[in-house]
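K.L.:
In order, the protein sequences belong to chains R and P.
Residues in the first sequence are numbered consecutively from 1, following our numbering.
Residues in the second sequence are numbered consecutively from 1, following our numbering.
Hints are all accurate, no fakes.
A pair holds if it fits inside one copy or across any two, identical chains being indistinguishable in the list.
Here are the simulated lysine-lysine pairs, DSS-like style, with alpha carbons at most 27 angstroms apart:
| id | residue 1 | residue 2 |
| --- | --- | --- |
| 1 | Lys78 | Lys124 |
| 2 | Lys56 | Lys78 |
| 3 | Lys124 | Lys73 |
| 4 | Lys56 | Lys73 |
| 5 | Lys78 | Lys111 |
| 6 | Lys124 | Lys111 |
| 7 | Lys25 | Lys78 |
What the hints contain is simulated information worked out from the structure, not anything from laboratory work.
Because the structure is a prediction, the values reported are computed rather than measured.
Protein chains: 2
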Amino acid sequence: MPIPFSSAVAANHHQEEELRWSKSKRAIARRAFDHALNQELQEVIQQAKQMAAEVKAPYELWELEHHLTQRRKEIDRKYEYRGSRLRYVFGSLLHEGRLTEHDLRGLHEDKLEAIRSYADFLAKVDVDA
Amino acid sequence: MPIPFSSAVAANHHQEEELRWSKSKRAIARRAFDHALNQELQEVIQQAKQMAAEVKAPYELWELEHHLTQRRKEIDRKYEYRGSRLRYVFGSLLHEGRLTEHDLRGLHEDKLEAIRSYADFLAKVDVDA
Numbered sequence: 001m002p003i004p005f006s007s008a009v010a011a012n013h014h015q016e017e018e019l020r021w022s023k024s025k026r027a028i029a030r031r032a033f034d035h036a037l038n039q040e041l042q043e044v045i046q047q048a049k050q051m052a053a054e055v056k057a058p059y060e061l062w063e064l065e066h067h068l069t070q071r072r073k074e075i076d077r078k079y080e081y082r083g084s085r086l087r088y089v090f091g092s093l094l095h096e097g098r099l100t101e102h103d104l105r106g107l108h109e110d111k112l113e114a115i116r117s118y119a120d121f122l123a124k125v126d127v128d129a
Numbered sequence: 001m002p003i004p005f006s007s008a009v010a011a012n013h014h015q016e017e018e019l020r021w022s023k024s025k026r027a028i029a030r031r032a033f034d035h036a037l038n039q040e041l042q043e044v045i046q047q048a049k050q051m052a053a054e055v056k057a058p059y060e061l062w063e064l065e066h067h068l069t070q071r072r073k074e075i076d077r078k079y080e081y082r083g084s085r086l087r088y089v090f091g092s093l094l095h096e097g098r099l100t101e102h103d104l105r106g107l108h109e110d111k112l113e114a115i116r117s118y119a120d121f122l123a124k125v126d127v128d129a
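Isolated chain R, as found in the complex (with noise of 0.2 angstroms):
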């Protein structure tokens, strides 16, 4: 069935919409971003050092590598900055307590209330999980 053409053409507007941010909103975004990203690739490398001062034998070394692999690809997944992901970027985060509302401050209020709804979503699904 075609998209009726309204909806497609509402598509659209929502899209450019989604790439539409000021340099200074991007500028809010961008800090708030790498400041998450830095927290968490910091909690990597110090969890890791910890892990493997603790290795004794060689099956531990090889979880090590694993559990780097697993994140690495983790982190590739969750950081991904591009305009129309940011809302789950953020969305995200939030829910993880990764940043809060003040970290996003100065944000046009109808990104803020997607990414809100976003994180709520996130919550509800652990509720259901």
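Model the placement of chain P on the given structure of chain R, informed by the hints.
P.N.:
For chain P alone, coordinates are given in the frame of chain R:
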């Protein structure tokens, strides 16, 4: 071109011969093998601990991950405990100085000869490279 009958018989005989390790010889081989493998694994562990302790930036952590993956694959390939492969395994370990002829003492002279011969071959390859 079909393999001449005599060569095929010789090859077959050769394979069977390779697999025929008496119980006591097998114990000597196994001990030497385990000794070299455990020593190499301990080296990887110690090196990984040191690398992890020195990590500052995230890229160094992913370097450690990559290093561990490479070493795991390398060790998997190198330590293949199969009768027909042991001359190559021990030849490599002898060549790398991970085993000495002392560790292999008690094996049949023909096995030792085959092992030595492969170690010599590797030494020659190194010189030519």
